[in-house]
Amino acid sequence: MKKHYIIFAGLVLMGIFYPQMFPGYLSVAITLLLYAGWATAWDILGGWAGQVSLGHASFVGLGAYFVAVGTSHYEIAPWWTVLMVLFAASLVAYLWGRLTFKLKGPYFTLSTIAIAEIFRLIAINEGWLTGGATGVFIMTLPEPFGLDLFSRQVNYYLALAFAAITVLVVMLISRSKFGYQLRAVREDEDSAMASGINPTTVKLKAFMLSGALTALGGGIYAIFLSFIEPHIIFYLLLSVQIALTAIIGGRGTIWGPCIGALLVVGSGEIFRTTFAEANMLIYGLLIMVVVIFMPRGIVGEPARYLIRRVYAKRAQS
Amino acid sequence: MMFDYVSFLQNLSNGVLIGGVYALIGVGLTLVFGVMKLINFAHGDFVILGMYCAVLLNSLLGWDPYLSLLVAMPLGFMAGALLQRLVLSRLMEAPPESSLLVTLGLALVIGNILLLTFGAEPKSVNVSYASSTVSLGDVSFSLILLLAGLATMVVIAGLYTVLNHTELGRAIRATADNRLGAELVGINTRWIEAVVFGIGMALAVTAGVVLIPLLFATPTFSGAIFTLKAFVVTVLGGLGNIGAAIAGGLLLGVVEVMGASYLTSDYRDAYGLLVFLLILLLRPEGLFGKTVKRV
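Quick mapping for you: the protein sequence lines, in order, are chains A and B. The numbering used here applies: residue 1 is where the first sequence begins, and numbers increase by one. The numbering used here applies: residue 1001 is where the second sequence begins, and numbers increase by one.
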C-alpha cells in the first residue's frame, strides 16, 4: 500500500510542474484529468461495489448545471454551488439507489440508462430552470485571490485537484473496512449478508460518494467549458465514456481508471485527425478487445498475475 | 368539451402501426435474450444498419426501400451469424455483464464506422408515395405506416411459423428452454445460437428498412434510441417472451403517441422510459410474465 502513496505523491508532483513543461498542451491534460477523476469516481460504484452504471452523465450534468446556472442566473460564487451540489448529488444518488438497487446486474444497468435519459429530457425541456436546449453560458466569474477562473492554467490545477482527491479517496477506501465491505458485496451479496453486511446500505454509500465526486468534476468541467449544453453534458455517450474508461483500465483497481483515461484520451488525441468526430470508435474497439482478451482490464490483468505469483512463491517456500 | 373520437381513433391507429415496428425490433432482442441470455446493446445499431442499407441501394441502384429487403434480410442474417460465431461465442462462459459491454462496444464501432462512411448529416429515402393516405371513414392511415405494419405482420407470422412448425424452431425453443437438455438430445446448440443471433439481426435490419421512408437515419445518435426502445418493449412484456414483446411494442407505440398528443410532446420519449422503470421496479417479470425470471 505504501508504494501506492509514493506513486501518488510522484504523480501529483509531476502534475504540479506539468504546465511549466508543456504549456501548449493544457486542454488535453485537463480533459485527461477530468476523465481520470470521473472514471475513478465511477469505479467506486462500478468497480469496487460491482454495480455497472451507465447514468453517471447525470451527475456530471448536475454539477455543471449547479455551477453554471448558479453564476449566470443567481450570481452565486462557484465554490458555494460546488458545496451545494455535493449535497444535492448525494441526495439524488441516495434516492436513485433506494429506488433501483433491488435490481441486479444488467437490469440495474438498464435502469440507470432510463433514469439518466429522463434527467436529460428534463434538462432540455425545463427551460425556466436550466436554460433549455440552448444551454447556459458562463459570462463572468468571481476572482478569488485575484485568480482568473477562465484561465487554462487555473482550470488545469482545479482538474488536477479533482483527480487527486478522487484517487486519494479510493486509496483510503481500498484498505478500509468500507472497502472490504464493497468487495464482499460485489463478489456475493448473500455471503456478504451472512457476515453481517447490509448490501443496500453499502451500495448506497458507494453510490452517494461516487455521485458526489462525479458532480464535483462536473462543476469544474462547466468552468472549463464556460458553456454547457444539455444534449452533450447529460448524454448517454458521456456516461458510456466514463464507464468504459474505467472498465478498459481495470475495474476495482486504484490506478486502472487513470490508466484507462490516459489510454482513451491519449489515443483520441493521436487519432483526432484520422477519425475526426468518430472518436468513439476507439472506445468501441478497446472495450471489445479488453472484455474478450483481458476481462479484468489493462491494470487488473497483470496485477492479478503478479499477486498469483507472489502467492505461488509463498506456497512453495 | 366533447371527446373527439376521430382524433382518438387516429392516434390509436398511428400508435398501433408505429408500435408494430417497435414490436419487430423488440422481438429480435427478446429472441436473442431468450436463447442466449445475452443482452444485446448493439440491437438499435442493427436497425440503423438496415436504414443505411436501404439508403445505399436507393442512391446507387434506385431501388425502392421495400425491394432492398430482399438484400438486407439475408445480409443481416449472415452478418449476425458471423458476429455470433466470431465474437460473441467467446463470451458464453463470462458473466452477463461482459456480453453487455462487448455489444456496447460493437454499437459504438457500427455507429462510428457509419459516421465515417456516410457523414453526420441525416439521410433518408424519398418515395413517391410518402404522403399518400388511405381513408377509412374519417380516420386516414398513412400508406407508409400501413406498409410498415403489414411488413411487421408478415415477418412476425413467418417467425411464428418457423418457431412452431419446423424442426429448426423446435431446436431453438429447446435451446431456450434448457440448453443442456437440448444438447443431450443431439441439438448443436452452438449452431442454433448463431442462427438465432442471425435471425435477431435480420429482424432489426428489416425494421430499419421499413422505417426509412418514415424517419431520417443518423449514424451515431439514433442507434442508442432504438436500443432503448427495444429494451422498453421487451421489459414491458418480460424478457425472453416473444408474444409479450409484440404486445409490449404495440403498448409502447400507443403510449408514446397518446402521451405526445394528450399530455405534452416534449416528453414523448420519457413516457416509455417511465413505464419501463415502473415495470422494472414493480413487476420485473414483465406485464404478461408467466415465465418468471427473477431479477
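Because the hints were derived from the structure by calculation, they are not lab data. Keep in mind that a hint or two might mislead.
The calculated label-pair distances, taken between Cβ atoms and stated as ranges, are [unchecked claim]:
| # | chain 1 | residue 1 | chain 2 | residue 2 | range |
| --- | --- | --- | --- | --- | --- |
| 1 | B | 1095 | A | 19 | 41 to 47 Å |
| 2 | B | 1281 | A | 139 | 40 to 46 Å |
| 3 | A | 23 | B | 1059 | 45 to 51 Å |
| 4 | B | 1126 | A | 27 | 41 to 47 Å |
The calculated DSS-like cross-link candidates involving lysine-lysine, where the alpha carbons are at most 30 Å apart (straight line), are [to be verified]:
| # | chain 1 | residue 1 | chain 2 | residue 2 |
| --- | --- | --- | --- | --- |
| 5 | A | 177 | A | 313 |
| 6 | B | 1123 | A | 102 |
| 7 | A | 313 | A | 2 |
| 8 | B | 1037 | A | 104 |
| 9 | A | 104 | A | 313 |
| 10 | A | 3 | A | 177 |
We put the CB at the ideal spot given by N, CA and C, even for glycine.
Okay, the hints, checked on the actual structure:
Range check, residue 1095 (chain B) to residue 19 (chain A): about 42 Å between beta-carbon atoms, so the 41 to 47 Å window is met. For the hinted restraint 40 to 46 Å between residue 1281 (chain B) and residue 139 (chain A), the CB-CB distance of approximately 42 Å keeps it satisfied. In this structure the hint that residue 23 (chain A) and residue 1059 (chain B) lie 45 to 51 Å apart at CB holds, the actual value being about 48 Å. Judged by the Cβ atoms, the range 41 to 47 Å given for residue 1126 (chain B) and residue 27 (chain A) holds: they are separated by roughly 43 Å.
At roughly 28 Å between alpha-carbon atoms, residue 177 (chain A) and residue 313 (chain A) fall within 30 Å of each other, so this suggested pair holds. Proximity of residue 1123 (chain B) to residue 102 (chain A) is assessed by CA-CA distance (about 42 Å); at most 30 Å being required, the pair is judged violated. In summary, the hint linking residue 313 (chain A) to residue 2 (chain A) is supported, as the alpha carbons are separated by about 22 Å, within the 30 Å threshold. A hinted pair counts as satisfied when its Cα atoms are at most 30 Å apart, and residue 1037 (chain B) with residue 104 (chain A) qualifies at roughly 14 Å.
Distance check on the hinted pair: residue 104 (chain A) and residue 313 (chain A) sit about 38 Å apart at the alpha-carbon level, beyond 30 Å; violated. For a cut-off of 30 Å, the pair hint linking residue 3 (chain A) to residue 177 (chain A) stands: about 20 Å separates their Cα positions.
Violated hints for the displayed structure, listed by number in ascending order: 6, 9.
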